[in-house]
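**Student:** Taking the numbering used here, the leading residue of the sequence shown gets 876, the next gets one more, and so forth.
No wet-lab data here; the hints were simulated from the structure.
Please read all numbers here as calculations on a predicted model, not as lab measurements.
Certain hints may be false.
Listed below are the simulated EDC-like cross-link pairs for lysine to aspartate or glutamate, each with C-alpha atoms no more than 16 Å apart in a straight line [to be verified]: (1) 961 to 991; (2) 902 to 929; (3) 961 to 907; (4) 902 to 922.
Derived DEER-like restraints, expressed as beta-carbon distance ranges [what the hints assert, rightly or not]: (5) 996 to 1042: 41 to 49 Å; (6) 903 to 1030: 38 to 46 Å; (7) 897 to 963: 16 to 24 Å; (8) 931 to 1040: 29 to 37 Å; (9) 902 to 1024: 40 to 48 Å; (10) 1034 to 1004: 32 to 40 Å; (11) 1030 to 937: 53 to 61 Å; (12) 996 to 1032: 52 to 60 Å; (13) 921 to 1004: 22 to 30 Å.
Backbone N, C-alpha and C define an ideal beta-carbon position, used for all residues, glycine too.
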Amino acid sequence: GVPLVSCQLPGHGDASALAGFAARLNKPVEQEQLLAMLSRFLPQGGEVLVVDDDRAFVQLILRMLEAQGNGYRARYAYGGEEALRKMRERPPSLVLLDLVMPGLDGFAVLRAMQAEQALARVPVVAVTGISTEERARAKRHSFAVRKRAGLREKELLALLRAVLEAVQAEYA
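Let the hints inform the model, and build the full structure from the sequences given.
**Tutor:** Spelled out as structure tokens, the structure:
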């Protein structure tokens, strides 16, 4: 019967969530965005390792690179462990790395790369899903009150008054 109040406190996690990544691409990735990012990091071409558990996404990126014919060679891995194995065999010029994968996620792959001298300087571009990011942002900025029996009208109105009073300065 004890009410539960939950909210995410502001912190440094928002700013540092993608620390260590050279850049970020949001899914769905458009060919112009991909090529602009590649030309920024690999103006002379090079080998790109595409790492994502979504096979359709990997194939899409491979087709975009093939269609361009700008000196970019592509390899792929469908998971973090496979990506690290391939990078250790032959370090790529750049890695496109999905953040959410089963097993080793993108953050774990990046940490492993940073710990290895041969891979630490390889630029890594985070590939994120917009809907995932929007959900995370909404969760970070949420405030919830839960009570098993539900809130009575007086309780709800008192909470709304307190919340409006707390955030009123931001909207003035």
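**Student:** Indicate, hint by hint, whether the structure satisfies it.
**Tutor:** Going down the list of hints, with the structure as the test:
A threshold of 16 Å between alpha carbons decides the hint, and for residue 961 with residue 991 the separation of about 14 Å falls inside it, so the pair holds. The suggested pairing of residue 902 with residue 929 holds, with an alpha-carbon distance near 12 Å, which does not exceed 16 Å. Using a Cα cut-off of 16 Å, the hinted pair residue 961 and residue 907 is violated, with the two alpha carbons roughly 27 Å apart. Distance hint between residue 902 and residue 922 is unfulfilled; the C-alpha atoms sit about 21 Å from each other, more than 16 Å.
Here the CB-CB span from residue 996 to residue 1042 is close to 45 Å, well matched to the stated 41 to 49 Å. The hinted window of 38 to 46 Å between residue 903 and residue 1030 holds, with their beta carbons roughly 44 Å apart. For the pair residue 897 and residue 963, the supplied restraint of 16 to 24 Å holds, since their beta-carbon distance comes to about 20 Å. For residue 931 paired with residue 1040, a C-beta distance near 49 Å fails the hint of 29 to 37 Å.
The beta-carbon spacing between residue 902 and residue 1024, approximately 42 Å, falls within the hinted interval of 40 to 48 Å. Against the hinted window of 32 to 40 Å, the Cβ-Cβ separation of residue 1034 and residue 1004 comes to about 33 Å, which satisfies the hint. Judged by the Cβ atoms, the range 53 to 61 Å given for residue 1030 and residue 937 holds: they are separated by roughly 56 Å. Separation of residue 996 from residue 1032 is about 58 Å and conforms to the stated range, judged on CB atoms against 52 to 60 Å.
Between residue 921 and residue 1004 the beta carbon distance is about 26 Å. The supplied range of 22 to 30 Å therefore holds.
In terms of the numbered hints stated before, the structure departs from hints 3, 4 and 8, listed from lowest to highest.
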